[in-house]
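Chains as they are written, first to last, in this note's numbering: chain A, 1 to 371; chain B, 1 to 509.
FYI, nobody ran anything at the bench for these hints, they're computed from the structure. Quick reminder that beta carbons are idealized off the backbone N, C-alpha and C, glycines included. Treat the hints with care, since some could be wrong.
Listed next, the in silico DMTMM-like pairs over lysine to aspartate or glutamate satisfying Cα-Cα at most 20 Å (straight line) [said to hold, decoys possible]:
| no. | chain 1 | residue 1 | chain 2 | residue 2 |
| --- | --- | --- | --- | --- |
| 1 | A | LYS364 | B | GLU120 |
| 2 | B | LYS136 | A | GLU264 |
| 3 | B | LYS202 | A | GLU264 |
| 4 | A | LYS262 | B | GLU201 |
| 5 | B | LYS271 | A | GLU264 |
| 6 | A | LYS226 | A | GLU284 |
| 7 | B | LYS46 | A | GLU320 |
| 8 | B | LYS428 | A | GLU320 |
| 9 | B | LYS302 | A | ASP263 |
| 10 | B | LYS142 | A | GLU320 |
| 11 | A | LYS265 | B | GLU115 |
| 12 | B | LYS221 | B | GLU198 |
| 13 | A | LYS146 | B | ASP55 |
| 14 | A | LYS358 | B | ASP55 |
| 15 | B | LYS427 | A | ASP368 |
| 16 | A | LYS364 | B | ASP123 |
| 17 | A | LYS265 | B | GLU64 |
| 18 | A | LYS300 | A | GLU320 |
| 19 | B | LYS136 | B | GLU115 |
Partial chain B-side listing against chain A, Cβ under 8 Å, derived [what the hints assert, rightly or not]:
| no. | residue |
| --- | --- |
| 20 | GLN61 |
| 21 | VAL122 |
| 22 | THR225 |
| 23 | ASN231 |
| 24 | ILE421 |
| 25 | PHE423 |
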Amino acid sequence: MSRFFTETYYFLVALEPRYKIVLFLVISLLILAAAMIVIVLRERSRKNSVENRERRISRNVEPIIQEIVFSESDGGEFKDAIKKINRIVDSALYRKSNMAILNELILYYHRNLGGEAFNRLEMLYREIGLKQIALDNLRIGEWHIKAINDLSTMRMGESLFDILQYTDYENQNVRYEAQYAAVKLGGKKAMGFLDDLDTPMSEWQQIRLLDQSLKFEYELIDRMGKWLRSDNNSVVVFGLMIMRNLNQYHEKGELRKLLYHKDEKVQEKAIDTARELAYAECLENLYEVYELTKKIRIKKQILCAMGDLGGSKEVGFLRETIAREKEYDLVFEAAQSLKRLGRRDVLVSYKEQELSEKGESIVKHILDDRI
Amino acid sequence: MIEFDNQNSFIDVLIYVFFFVTYGYTVFVMVSYLVLGILSVVQARKYLRRNSYTDYLNILQSPEAPTVSILAPAYNEEASIIENVRSLLSIRYPNFEVIVVNDGSRDRSLIKLIEEYHLERVDFAVNYTLATKNVKAVYKSKNPAYNNLVVVDKENGGKSDALNAAINVSTGEYTLNIDVDCILEEDCLLKLMKPFLEETEKNMIATGGVVRIANNCKIDKGRITEINVPNKLLSQFQTLEYLRSFLLGRVAWGSLDGLLLISGALGVFQKELVIACGGYDDDTIGEDMELTVRMRRYAREKDIDYVVGFVPDPLCWTEVPESWAVLRRQRNRWTRGALETLLAHKRLFLNPYYGKIGMISYPYWLLFEWLAPLIEAFGILLLVLFSLLGVINISFLYLFIALIYGYTVSFTIATLYIEEITFFHYKKRRQLLRLVLAGLLEPLIFHPFLVYCSVTGNWDYFFEGKKAWGSMKRVGFKKPSNGSKGRKITISKPSPSSKNQVRSSPAGA
Numbered sequence: 001m002s003r004f005f006t007e008t009y010y011f012l013v014a015l016e017p018r019y020k021i022v023l024f025l026v027i028s029l030l031i032l033a034a035a036m037i038v039i040v041l042r043e044r045s046r047k048n049s050v051e052n053r054e055r056r057i058s059r060n061v062e063p064i065i066q067e068i069v070f071s072e073s074d075g076g077e078f079k080d081a082i083k084k085i086n087r088i089v090d091s092a093l094y095r096k097s098n099m100a101i102l103n104e105l106i107l108y109y110h111r112n113l114g115g116e117a118f119n120r121l122e123m124l125y126r127e128i129g130l131k132q133i134a135l136d137n138l139r140i141g142e143w144h145i146k147a148i149n150d151l152s153t154m155r156m157g158e159s160l161f162d163i164l165q166y167t168d169y170e171n172q173n174v175r176y177e178a179q180y181a182a183v184k185l186g187g188k189k190a191m192g193f194l195d196d197l198d199t200p201m202s203e204w205q206q207i208r209l210l211d212q213s214l215k216f217e218y219e220l221i222d223r224m225g226k227w228l229r230s231d232n233n234s235v236v237v238f239g240l241m242i243m244r245n246l247n248q249y250h251e252k253g254e255l256r257k258l259l260y261h262k263d264e265k266v267q268e269k270a271i272d273t274a275r276e277l278a279y280a281e282c283l284e285n286l287y288e289v290y291e292l293t294k295k296i297r298i299k300k301q302i303l304c305a306m307g308d309l310g311g312s313k314e315v316g317f318l319r320e321t322i323a324r325e326k327e328y329d330l331v332f333e334a335a336q337s338l339k340r341l342g343r344r345d346v347l348v349s350y351k352e353q354e355l356s357e358k359g360e361s362i363v364k365h366i367l368d369d370r371i
Numbered sequence: 001m002i003e004f005d006n007q008n009s010f011i012d013v014l015i016y017v018f019f020f021v022t023y024g025y026t027v028f029v030m031v032s033y034l035v036l037g038i039l040s041v042v043q044a045r046k047y048l049r050r051n052s053y054t055d056y057l058n059i060l061q062s063p064e065a066p067t068v069s070i071l072a073p074a075y076n077e078e079a080s081i082i083e084n085v086r087s088l089l090s091i092r093y094p095n096f097e098v099i100v101v102n103d104g105s106r107d108r109s110l111i112k113l114i115e116e117y118h119l120e121r122v123d124f125a126v127n128y129t130l131a132t133k134n135v136k137a138v139y140k141s142k143n144p145a146y147n148n149l150v151v152v153d154k155e156n157g158g159k160s161d162a163l164n165a166a167i168n169v170s171t172g173e174y175t176l177n178i179d180v181d182c183i184l185e186e187d188c189l190l191k192l193m194k195p196f197l198e199e200t201e202k203n204m205i206a207t208g209g210v211v212r213i214a215n216n217c218k219i220d221k222g223r224i225t226e227i228n229v230p231n232k233l234l235s236q237f238q239t240l241e242y243l244r245s246f247l248l249g250r251v252a253w254g255s256l257d258g259l260l261l262i263s264g265a266l267g268v269f270q271k272e273l274v275i276a277c278g279g280y281d282d283d284t285i286g287e288d289m290e291l292t293v294r295m296r297r298y299a300r301e302k303d304i305d306y307v308v309g310f311v312p313d314p315l316c317w318t319e320v321p322e323s324w325a326v327l328r329r330q331r332n333r334w335t336r337g338a339l340e341t342l343l344a345h346k347r348l349f350l351n352p353y354y355g356k357i358g359m360i361s362y363p364y365w366l367l368f369e370w371l372a373p374l375i376e377a378f379g380i381l382l383l384v385l386f387s388l389l390g391v392i393n394i395s396f397l398y399l400f401i402a403l404i405y406g407y408t409v410s411f412t413i414a415t416l417y418i419e420e421i422t423f424f425h426y427k428k429r430r431q432l433l434r435l436v437l438a439g440l441l442e443p444l445i446f447h448p449f450l451v452y453c454s455v456t457g458n459w460d461y462f463f464e465g466k467k468a469w470g471s472m473k474r475v476g477f478k479k480p481s482n483g484s485k486g487r488k489i490t491i492s493k494p495s496p497s498s499k500n501q502v503r504s505s506p507a508g509a
């Protein structure tokens, strides 16, 4: 055996340097591949062990949580339950990880329950120390998003001021999560961060914030004007979304100005908002914008708005559009608006007249109620 | 490596250059794969971390969600079309329509759709913004439950033509273009739309997602209910290939904004831009890659500050060929498709005006996707020749081949490791070991086969002028009981009368 090794050694020593390099690489790669297989298998074992621990903790903790949540236990029983849970999760090695499992379990129940059970879970979350862990994580800075998410999911209103500091944070993901949590915990009063927000908000974030805002009761949002006047277009668009979804009529003057906004997205949203709020007074402005703009999308929006806001004057305009416009989309939109204005008769008369093949098919399409 | 004579003859220099180029090229390919691999891991982890708290319910309930049209071209799909359409209709998204285009099928696809979904012909005004073959009729359902289903019956014109017809009748701001035989994850549209809604600085023009292999997976009511590694070795090879290609390759290119291909099986596009740049090209068989490249080119030429996204989540499942003959035809076609696109857009090559795609992506595709198999085949031929002539050092060559083999295997295992720490789909230990075993055999069996397909693809393109698709006959879903293997796909020879047709798997995986 030793002879074999000696011979191999001398063989390797005698090799040219380029052979040595390639051989070294081959052996390294083989070792690397083997190591990776071992790592993959170990990773599986680790996952299995975590899953087992999760199952064990869930099995033991769930009955206690259910008891707390669904029975009318008094303060003493509540403390006993917390002691029991603490005993279950207590471990010299896995305390942190066990607390994380417990955290997820409580969050899960919280998402799926309401009423008194909801309040009891919040109390449990505080008493057991999970709220403090989340706050510590928030302050340490390593787990910002997770901490903010947990605190807002558990509706820890008292942590609102801690969270508000992050609504203008440099990291976009943290900032978005903090903005969302602020609206969730503080309602419309916590939306002040939008007043001077200079970073853009993505459409995704706007949808998230709107989703939370839709839970507000219909009441006046007096900050709306500031948002609509903002230099930040994303804040303006969000303001318009809030305006139309929460029926905020009081800033109609600002809305009228936004119809002329230089940003196409803002302009489009403004027209749409005017339509949804049935703001018929702005029709004159819409005519003006129609003449000024060259963008088909904006023209389409205006024709669509006329279908909801218009009267006899608009019928004439729409008829004229059908007759003179060459752009398919505009003719289509005008015909659709005429139908919405209840003027099928106009469309039928077109059908009887000699229209271009395209015009005729559009009118037929619009008159077909099955589409 | 080369044993020179005392005097360096011309032949010696030539051989020396050959080896220098071959070894240099190989090392360069290996290093580039490594870099892409590292980038992918970073990107996939970042994606998972960022999305671990994403609540898609926000958008699912939102009245402000943008409208999306799902475009599904179908040709002779009677066996599976009902299930597939049902699966599309059950996608989770608040504001979408499904447009199925019956591209002149010669089977009962349309009749089955009419019967199942209570369709009736409507007076739909088709705007031929994109030129297509004649649309014979448009159908809508009498049942309000299928209100968002539109079926277009048109003359046969091929997949690109069918997609263009679907775009013409669509009303959404975005289009999700799919292969009708693919199985989509329920939340695929939510995940694919997220990058569009998240982008604040640039104009997101398209996003793609990861396509995985459905062979041997359990499928019930158009949904994957159990993920398994395929039984057949050939499909296992393709599983590894798809993993490497999507998990490592495209995720990395996505992070670099250098993607030249959004798979035809799954991609969301900004409709306005698709129309502006002329829609799908009827004259190419690699229509998905061609459109992606053309859109990027158009955006750059119109000074649109754009970006193309990629979602690392597996969102679409497709069945891959289980026979060597079918696979050969498929790969041959993919080679010709990529080649067509590369030649059609040769202006991009090392053109700094086009930024990353001109300076990095296009040259990479050219050198490592198209040329690599050709260089490999040429190299092997020369090596055989040189060894017969006795002018090369065989032992060094063996060692170098061992290095390439070791690298390929390590790379495959690294891919499995990344899959393990990210999406973790193959949960059974036995399945993992089967893939490792396939990874050991793949460089010896599957890779040479792919080289062969690529060489014949090039030959067919340049010397035979072949451009037609192979048509497919589907058998349809099997019942999921008894460990069902889902559907089976057989691809028959292209019919002379048909320009079709629909591919079963994404191009250029």
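Hints, verified against the model:
1. A threshold of 20 Å between alpha carbons decides the hint, and for LYS364/A with GLU120/B the separation of about 16 Å falls inside it, so the pair holds.
2. With a C-alpha separation of about 37 Å, the suggested pair LYS136/B and GLU264/A falls outside the 20 Å cut-off, and the hint is violated.
3. For the proposed pair LYS202/B and GLU264/A, the alpha carbon gap of about 15 Å is at most 20 Å, so the pair holds.
4. Pair hint LYS262/A plus GLU201/B holds up; C-alpha atoms about 17 Å apart against a cutoff of 20 Å.
5. In summary, the hint linking LYS271/B to GLU264/A is supported, as the alpha carbons are separated by about 17 Å, within the 20 Å threshold.
6. Only pairs whose Cα atoms come within 20 Å are accepted, and LYS226/A paired with GLU284/A is rejected, the gap being roughly 25 Å.
7. Between LYS46/B and GLU320/A the CA atoms are separated by roughly 55 Å; this puts the pair beyond 20 Å, and the hint is violated.
8. Between LYS428/B and GLU320/A, the direct Cα distance comes to roughly 68 Å. Violation of the 20 Å bound is thereby established for this hinted pair.
9. Proximity of LYS302/B to ASP263/A is assessed by CA-CA distance (about 18 Å); at most 20 Å being required, the pair is judged to hold.
10. Between LYS142/B and GLU320/A, the direct Cα distance comes to roughly 34 Å. Violation of the 20 Å bound is thereby established for this hinted pair.
11. For the hint linking LYS265/A to GLU115/B, the alpha-carbon distance of about 42 Å lies beyond 20 Å, and the restraint is violated.
12. A distance of roughly 32 Å separates the Cα atoms of LYS221/B and GLU198/B; the hinted pair therefore is violated under the 20 Å criterion.
13. The hinted pair formed by LYS146/A and ASP55/B meets the criterion: a straight-line CA distance of about 13 Å does not exceed 20 Å.
14. Straight-line distance between C-alpha atoms of LYS358/A and ASP55/B comes to about 45 Å, which puts the hinted pair past the 20 Å bound.
15. Annotation: proposed proximity of LYS427/B to ASP368/A is violated, straight-line Cα distance about 53 Å (limit 20 Å).
16. Using a Cα cut-off of 20 Å, the hinted pair LYS364/A and ASP123/B holds, with the two alpha carbons roughly 6 Å apart.
17. The hinted pair formed by LYS265/A and GLU64/B meets the criterion: a straight-line CA distance of about 13 Å does not exceed 20 Å.
18. Distance restraint check for LYS300/A and GLU320/A: the Cα-Cα separation of roughly 15 Å lies within the 20 Å cut-off, and the hinted pair is therefore satisfied.
19. For the proposed pair LYS136/B and GLU115/B, the alpha carbon gap of about 18 Å is at most 20 Å, so the pair holds.
20. Look at GLN61/B: its Cβ gets to within about 6 Å of chain A, closer than 8 Å, so that hint holds up.
21. Annotation: interface hint on VAL122/B holds; nearest CB of chain A at approximately 5 Å, less than 8 Å.
22. For THR225/B, the suggested interface contact is broken, since its CB lies about 20 Å from the closest CB of chain A, more than 8 Å.
23. Checking ASN231/B against chain A: minimum C-beta separation of about 22 Å lies over 8 Å; hint violated.
24. Satisfaction of the interface hint for ILE421/B is found here, the shortest Cβ-Cβ separation to chain A being roughly 7 Å, below the 8 Å cut-off.
25. With 8 Å as the threshold, the beta carbon of PHE423/B stays out of range of chain A, its nearest partner Cβ sitting at about 13 Å, so the hint is violated.
Of the hints listed earlier, those the structure fails to meet are numbers 2, 6, 7, 8, 10, 11, 12, 14, 15, 22, 23 and 25, in rising order.
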